[in-house]
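Participant: The chain contents come next:
Number of protein chains: 2
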Amino acid sequence: MKFRNFKMVDYVVYGRGCFDQLDEIIAPHRKEGAPMVFLLDQYFENDAAFKARIPLKGNDQLLIADVTYEPKTSQVDAIATQLKEQFGTVSGIIGIGGGSVMDLAAAVSLMITNPGKAEDYQGWDLVKNPGVYKVGIPTISGTGAEVSRTCVLSGPERKLGMNSDFTPFDQIVLDPELIKSVPKNQRFYTGMDCYIHCIESLQGTYLNAFSQSYGEKALELCQKVFLNKKEWDAESDEDLMMASYAGGMSIAYSQVGVAHAVSYGLAHVLGVKHGIGNCIVFNHLEEFYPEGVKEFHQMVKQADIDIPQGITKGLTEEQFNTMIDVSLNMAPLWENALGKNWREQMTRERLRKLYERL
Amino acid sequence: MKFRNFKMVDYVVYGRGCFDQLDEIIAPHRKEGAPMVFLLDQYFENDAAFKARIPLKGNDQLLIADVTYEPKTSQVDAIATQLKEQFGTVSGIIGIGGGSVMDLAAAVSLMITNPGKAEDYQGWDLVKNPGVYKVGIPTISGTGAEVSRTCVLSGPERKLGMNSDFTPFDQIVLDPELIKSVPKNQRFYTGMDCYIHCIESLQGTYLNAFSQSYGEKALELCQKVFLNKKEWDAESDEDLMMASYAGGMSIAYSQVGVAHAVSYGLAHVLGVKHGIGNCIVFNHLEEFYPEGVKEFHQMVKQADIDIPQGITKGLTEEQFNTMIDVSLNMAPLWENALGKNWREQMTRERLRKLYERL
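Protein chains in written order, with the working numbering: chain S, 1 to 358; chain V, 1 to 358.
Hints should not be assumed to be uniformly reliable.
[Said to hold, decoys possible] So the derived label-pair ranges between C-beta atoms look like this:
1) S:Pro-332 <-> V:Gly-58: 36 to 44 Å
2) V:Asn-129 <-> S:Asp-120: 31 to 39 Å
3) V:Leu-63 <-> S:Asp-47: 56 to 64 Å
4) S:Asp-165 <-> V:Lys-180: 26 to 34 Å
5) V:Lys-180 <-> S:Tyr-206: 17 to 25 Å
6) S:Phe-87 <-> V:Lys-229: 53 to 61 Å
7) V:Lys-57 <-> S:Asp-47: 52 to 60 Å
8) V:Arg-348 <-> S:Asp-23: 41 to 49 Å
9) S:Gly-271 <-> V:Phe-87: 58 to 66 Å
10) S:Pro-332 <-> V:Asp-20: 21 to 29 Å
[Said to hold, decoys possible] As a list, the in silico DMTMM-like pairs of lysine to aspartate or glutamate whose alpha-carbon atoms are at most 25 Å apart:
11) V:Lys-2 <-> S:Asp-10
12) V:Lys-2 <-> S:Asp-23
13) S:Lys-313 <-> S:Asp-23
Simulated from the structure, these hints should not be mistaken for laboratory data.
All values reported here derive from a predicted model rather than from experimental measurement.
For each residue, glycine too, the CB sits at the ideal point set by N, CA and C.
Okay, chain S solo, but in the shape it has when bound (with noise of 0.2 Å):
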């Protein structure tokens, strides 16, 4: 098809509190026996009050999602495996978390109904059966992993999503108070995520009148939090959990750019951490997007973060050479930052420069 026919999440509750509707909103979708499995990121481990709230019945399971890693094929395989040993099926997957706990539990769900191991489906409608009801409730936004039709995993050849209209969550759960007491790097970086996204999206060549007006209100909200407003504040969380969102939406007629490409690079090699790894890699990037990495400059400046630097020096020419070749077969995220010609503007000297500037 010409035009992606973009597949939407079922059901999207906002508002702050709203994270106690999720007993009534799930009920309607227990099945007798079958568990509901709650996906904690281990954020939240020792926080009793936090677990307490969690609306757990039955034989519900309580998991901690172990996200020390970007999650794994391999531990998608070893949860949806010892799920279904224990209880032949579940009610549902319900991912409490950062994005990393997004992405698991889709796939979780996603390999509770199809056969085989989550390396099989890396890539593009691949996934043959719906997943079993899932239900996404961000505690950091940035990502927009909540709203998306992938869910990244790193496997034994691959790091790349499960690509699939079975992909996005049936629920998603949008209150703004869970995250207010996330790290204030922690928090920057990922909202650095979605703001490097709608750079690079508003200035590729892909983009069309839906994305445009999803990515513009996106950006508009990350400026309005990391930049005009001077202190942290409730409205900021709320601000924040939208840019998420509408970040994640434009994506429907988008794609990321030069950042992500190289980021990519640094991910395979280094294992650096998505939003971070956009952050070090965009902070150099004045020569593709000079307005957008001026005015990130100013809000790393704002925010009082540091930006790793120097993290290439001495790595070895294998491994510079690998970066290169994981970055450049990102053809559609070169194409739509640099149009149809990008391999004459992308070589690898300019792109080996650009990482030896890391």
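Could you slot chain V onto chain S? The hints should help.
Facilitator: Relative to chain S, chain V alone:
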């Protein structure tokens, strides 16, 4: 629930020319022997070129939707009954047209699968069964009907929608090419439906950050096409189509206000259509929305439109009283506009004077 759990449209495709993907989009929803039913706005009745682009197959039906008046419950029942008698069931209902056709299509879809009459379901959450697959394809933008949770119908007793989670479309097709031939006056009145809606919801007391972000974007797009640009062009069609979508989405956690409440009275007694009715009323609402009305007057001037005046001249005492009754019955609209003590502010006398000015 404290916060509404908002049902989204399942699939959205947006793009210039995406109407020609319709055949491919609906193909997986075709059921053996059961036709796809295309409800086409009477505006296109004699447009052979457009009709030839509708992907009719097998026993598919192309029905011309009479929207001389806004849709009636009896009209919905007649179409649904005829289809059920002739085919047992249908594969889907595809509405192609303005807001009235959208509403008619959604209602017919529901009445294929729900017993009784459409009037039985006027209200909130009365619909028992999901409808058949339904697609909304707007050919005029502004109402937001394409993403609505209701379908407004005039019944024997009242004008009220079938509000339910089963009402939103399974699919919407947003092709800005389709709205380019809308007559200027009609485009203006329907566009102002969106504009007025935004002013009312953004200034209302019910608003939250979700609806605000959509409302602000819709408002900005309306200002762009009706005020900031001197000539209407292809980009204006794209922007107005997105304004309508965003305006419709903003209703999730907002409500309309004075213009809609007053205009319902006009519609009931004089049969004034929704778009023009809102303009007639909003034209005189300086005391409630001073900035919005000022900007509206500029838009009217720039578009060179004559808003009808003096339409309540010569009405009987009884007619005025009926209008006032109908309007004051819209409690949530008044409360959103004026706050909890709206009854003290909006007396029958004050409303009577307002109607006399129209």
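Participant: Next, verify each hint and record whether it holds.
Facilitator: Status of the hints after comparison with the structure:
1. One distance hint, 36 to 44 Å for the beta-carbon pair S:Pro-332 and V:Gly-58, holds here, with the actual separation near 38 Å.
2. Checked against the hint of 31 to 39 Å, the C-beta distance between V:Asn-129 and S:Asp-120 comes to roughly 37 Å, which is consistent with it.
3. At about 58 Å, the beta-carbon gap between V:Leu-63 and S:Asp-47 stays in the expected band of 56 to 64 Å.
4. For the pair S:Asp-165 and V:Lys-180, the supplied restraint of 26 to 34 Å holds, since their beta-carbon distance comes to about 30 Å.
5. Restraint check, V:Lys-180 to S:Tyr-206: a C-beta distance of roughly 23 Å satisfies the suggested window 17 to 25 Å.
6. As the Cβ distance of S:Phe-87 to V:Lys-229 is approximately 59 Å, the hint placing it in 53 to 61 Å holds.
7. About 57 Å separates the C-beta atoms of V:Lys-57 and S:Asp-47, a value consistent with the hinted range of 52 to 60 Å.
8. At roughly 44 Å, the beta-carbon separation of V:Arg-348 and S:Asp-23 lies within the given 41 to 49 Å, and the hint holds.
9. Here the CB-CB span from S:Gly-271 to V:Phe-87 is close to 59 Å, well matched to the stated 58 to 66 Å.
10. Remark: the range hint 21 to 29 Å for S:Pro-332 to V:Asp-20 is upheld by a beta-carbon distance near 24 Å.
11. Straight-line distance between C-alpha atoms of V:Lys-2 and S:Asp-10 comes to about 19 Å, which keeps the hinted pair within the 25 Å bound.
12. Proposed proximity of V:Lys-2 and S:Asp-23 is supported: the alpha carbons are some 13 Å apart, at most 25 Å.
13. As the CA atoms of S:Lys-313 and S:Asp-23 are separated by approximately 51 Å, the hinted pair breaks the 25 Å bound.
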